[in-house]
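Peer 1: Sequence:
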Amino acid sequence: MAAFAHWRNALGALLLALWALSAHLASSRIGPMGLHIVIAVAPLWLAAALAALQTPWPRSGAALVTLASVAALMAAWRWLHGHLPWLYYLQHLGAHLALAAFFARSLGAGREPVVSAMARLITPGPLSVASLRYTRGVTLAWALFLAGNALVSTLLFAWAPAEVWSVHANLLTGPLMAGFFGLEMLARRWALPPEERPTIRAVVRAWRAHRGQAGQAPAPRHIA
Numbered sequence: 004m005a006a007f008a009h010w011r012n013a014l015g016a017l018l019l020a021l022w023a024l025s026a027h028l029a030s031s032r033i034g035p036m037g038l039h040i041v042i043a044v045a046p047l048w049l050a051a052a053l054a055a056l057q058t059p060w061p062r063s064g065a066a067l068v069t070l071a072s073v074a075a076l077m078a079a080w081r082w083l084h085g086h087l088p089w090l091y092y093l094q095h096l097g098a099h100l101a102l103a104a105f106f107a108r109s110l111g112a113g114r115e116p117v118v119s120a121m122a123r124l125i126t127p128g129p130l131s132v133a134s135l136r137y138t139r140g141v142t143l144a145w146a147l148f149l150a151g152n153a154l155v156s157t158l159l160f161a162w163a164p165a166e167v168w169s170v171h172a173n174l175l176t177g178p179l180m181a182g183f184f185g186l187e188m189l190a191r192r193w194a195l196p197p198e199e200r201p202t203i204r205a206v207v208r209a210w211r212a213h214r215g216q217a218g219q220a221p222a223p224r225h226i227a
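Residues in the sequence shown are numbered from 4 upward in steps of one, following this note's numbering.
Check the hints yourself; a few may be wrong.
[Stated by the list, open to error] Simulated restraints on C-beta separations:
1. 158 to 71: 31 to 37 angstroms
2. 74 to 10: 35 to 41 angstroms
3. 163 to 197: 43 to 49 angstroms
4. 167 to 208: 33 to 39 angstroms
5. 74 to 129: 49 to 55 angstroms
It should be emphasised that the hints constitute simulated quantities derived from the structure, not laboratory data. Predicted model only: the values in this text are computed from it and were never measured. All residues carry an ideal CB built from backbone N, CA and C; glycine is no exception.
Please model the complete structure; the sequences and the hints are all you need to start from.
Peer 2: Set out below in structure tokens:
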């Protein structure tokens, strides 16, 4: 099972890298645009298919959703040929704003910050005051980072050449997020004692578990 998970993660990383490369080539108008369009809308189709499968509709309803998405693609095909970077920009912007809102919303009064909730999934006992303060700060930092990256993407898309925007959005977003996560792990070593520093694997597992809980619940957990 461990070997299967390793290869599955490696395959997922490879597919993401190939998709990012295709997005960059498409935004720079290099290569066959028809293929780029299909690759660009593939994540949207996948998301729609997963949503349809998780919705208690009859099969005819899911089929109608699929046909409607295909019809929408065919109707927009000519427009996408000339404006495909817009699709990638909206995907990039939407993902960043959604994640920024996810982190920021948990900072509201009476709510538990996302990173604090993840820490509770890792730490067997109650969180210390220092850990609660730190995880709240990290939650705010992630919200600001994601919103800031969305702003940079928008400014580059509006005023820089498409190739420059694409390098930032399609090729550098992943490394930027990984670098920010690495800086956060270094800051954690300075701010918290060893027993309150989870491993990277534990953090990833907690993130997946928390996202699963968030998908089942209508709102983040409230605290007294």
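Peer 1: Identify every previously stated hint that the structure contradicts and give their numbers, smallest first.
Peer 2: Violated: none.
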